[in-house]
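Participant: Chains as they are written, first to last, in the working numbering: chain V, 524 to 847; chain G, 524 to 847.
No wet-lab data here; the hints were simulated from the structure.
Do not take every clue at face value.
Identical chains blur together in the list; that is why a pair holds if it fits in one copy or across any two.
As the list claims (entries may be wrong) - Derived pair list, reagent style DSS-like, types lysine-lysine, alpha-carbon separation capped at 30 Å: (1) K741 / K637; (2) K727 / K741; (3) K827 / K617; (4) K710 / K617; (5) K827 / K654; (6) K637 / K827; (7) K727 / K827; (8) K598 / K587; (9) K727 / K654; (10) K710 / K598; (11) K587 / K741; (12) K741 / K710; (13) K741 / K827; (14) K727 / K637; (15) K654 / K617.
Number of protein chains: 2
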Amino acid sequence: MTNHSYNIHTAKQEGALASWRDGSTKQAILNFVQQVSAQDSPTYVPPAERIAAFDNDGTLWCEKPSYVQEIFVIKYFHEQAELHPELREVQPFKAFVENDRAYFQALSIQEVDKLILQAVSDMPQDEYVQKVRSFFQESLHPHYQRPFTEMAYAPMIELMAYLRQHEFQIYLVTGGETDFVRQVAEKMYEVPHSHVIGSSVMVKLETHHDQPRLIRQKSMLEPLNEGPGKVINMHVHIGQAPILAVGNSNGDLDMLLYTEHQARPNLPLLIHHDDSEREFAYDHGAERALQAATMHDWNIISMKNDFNHIFSEIPAEAACGTYK
Amino acid sequence: MTNHSYNIHTAKQEGALASWRDGSTKQAILNFVQQVSAQDSPTYVPPAERIAAFDNDGTLWCEKPSYVQEIFVIKYFHEQAELHPELREVQPFKAFVENDRAYFQALSIQEVDKLILQAVSDMPQDEYVQKVRSFFQESLHPHYQRPFTEMAYAPMIELMAYLRQHEFQIYLVTGGETDFVRQVAEKMYEVPHSHVIGSSVMVKLETHHDQPRLIRQKSMLEPLNEGPGKVINMHVHIGQAPILAVGNSNGDLDMLLYTEHQARPNLPLLIHHDDSEREFAYDHGAERALQAATMHDWNIISMKNDFNHIFSEIPAEAACGTYK
């Protein structure tokens, strides 16, 4: 592609970002991708350095009314409380049994991570993976009544596909627990396990008669993957900064600033949940990020104005190109 | 390739593993790679799962008379002791100034990691990278008098190239410090930063006026990448087990056992330093690994018998296909 003035018209012909409404945000994405990938562009970036970092909860899939991971933990704790009635008097089981919504709605993603620890420590890694997979097979989103694996934002799936076409390497950089997110990352986003950077549970290697097995422990690896932890873990895992990053909350702010302050072209993007009709409208937990985005003149993706539709319309298998 | 009886003869025609002498080890490698990559093979493994893990020190490059990283630290400490004479009475500076060889030869790779910490904590990450790069540009191996970047074992470079041809994904899984090894991994082994799993120094994100910068701290991320830590960090970074792994010491034993105990075809390989003429002969630090290799009937790579030559003969640029 030698034409720098790639525009919405050209994109339409190619069918790129079809779920995005025409506007300055879509145009900024198209411009940026062309500027870094056209060989004769003065701001060309070689493919090995075209790193894109995506937050997950609220950026790639719906995080309301609760984090998906939280719904998984609640379900698991309910099962445990039925198996062991004595647990019903102990927190957090008590809150589950009594359906104490206030208790849960006050939780941050890090606190949910800790609940997962409590739930599944001393569990062999392969058993945990089975539990997560069963959850995704059996459970529906409480509001939309669709499988969670269909709760990805269609325009974001398209954005990832568009970046991949232009030889970007895509990483999920999520506050969620790494092995939880990995169980859907390939199916939903075509992101392999090695490209999921999350908050990781410490595992122990137990070797009996030379037979090693990974067992989940009660602690998390430092730093948790939120705020500055996202930048530190990207450094440890990738060893270079992204040139494009997308987030939606205060926990993504450091990652977006880090992306912006490289001596290279870059595109920080912030999703704004402003669509109360098709999804949920909320600024809570994103106040600092929204303020920074305005100050730094970042592109804010308005779900209400920039997305033609939020989720894939009908069978996700048909609607999302990447869904298997 | 539909022929399962790929053999040394076929390999010769293709020029594969030319620096390896014909023998059971070379044959085992050729067989294994064919068995997992031939589409009609009953033991076919899809490319996404063809993970190969290579230790670095003593497996890919020479670790005697000292770890390269140790030579870097000693040089740095010498410079510091000259700049700050009062340091000459304090260990480890005292040992450097007095050239106390016994002090250093007793160090493990983890202890060398800790010395690095001491040397370069509170240093901005980009400054550290510059120091490491200068070291590799200016220093020669004390025994061979060649740049360290020419101290890779030529047969191992060939093995990596051969695996890459067969769509393996290659990771360095090193006890050394991640950002130290990264500075040569691409040039020497064609391994990008994201595929170097090592012992990582904690970095802090310092943000002044919204300008973030990574600063190296005095602590290491847990677990250090040695012994069981190699398995745990592979799980965190890659999320799947290797089907081929190469090591040379006790610190690689867990990684080799982990590779062996997957419900898939696998090839654990142990390098034996038994060539006192062309390199160094030593079993120290590899006793348990050698014992396990015999018990488990792993292929032991004899540097004396399996390697036609150890290092690339003449200008590495010409001899190693992968050297840039």
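Participant: Which holds for K710 with K598 at a C-alpha limit of 30 Å: within a copy, between copies, both or neither?
Facilitator: within (22 Å within a copy, 50 Å between copies)
Participant: Using 30 Å as the alpha carbon limit, work out where K727 and K827 are close: within a copy, between copies, both or neither.
Facilitator: Cα proximity of K727 and K827: none, with 45 Å in one copy and 37 Å across.
Participant: Pop the pair K727 and K741 into one bin, within, between, both or neither, using alpha-carbon distances up to 30 Å.
Facilitator: both (10 Å within a copy, 25 Å between copies)
Participant: How would you classify K727 and K654 at a CA-CA limit of 30 Å: within, between, both, or neither?
Facilitator: within (19 Å within a copy, 35 Å between copies)
Participant: Classify it for me, K587 with K741: is the Cα-Cα distance of at most 30 Å met within a copy, between copies, both or neither?
Facilitator: within (27 Å within a copy, 40 Å between copies)
Participant: Checking K598 and K587: alpha-carbon separation at most 30 Å within a copy, between copies, both or neither?
Facilitator: within (16 Å within a copy, 55 Å between copies)
Participant: Please sort K741 with K710 into within, between, both or neither, judging by C-alpha distance up to 30 Å.
Facilitator: within (28 Å within a copy, 40 Å between copies)
Participant: First find the shortest C-alpha distance between K827 and K617 inside one copy, then the shortest across copies, and answer within, between, both or neither for a cut-off of 30 Å.
Facilitator: neither (38 Å within a copy, 66 Å between copies)
Participant: Given a CA cutoff of 30 Å, do K637 and K827 count as a within-copy pair, a between-copy pair, both, or neither?
Facilitator: neither (33 Å within a copy, 52 Å between copies)
Participant: Check K741 against K637 for me: Cα-Cα at most 30 Å, and say if that holds within a copy, between copies, both or neither.
Facilitator: Answer is both; intra-copy 8 Å and inter-copy 27 Å each pass.
Participant: When no copy is named, should K727 and K637 be tagged within, between, both, or neither for a Cα gap of at most 30 Å?
Facilitator: both (17 Å within a copy, 23 Å between copies)
Participant: When no copy is specified for K827 and K654, does a C-alpha distance of 30 Å or less occur within a copy, between copies, both, or neither?
Facilitator: Answer is neither: 35 Å inside a copy and 49 Å across each miss the 30 Å cutoff.
Checked against the numbered hints above, the structure breaks hints 3, 4, 5, 6, 7 and 13 and satisfies the rest.
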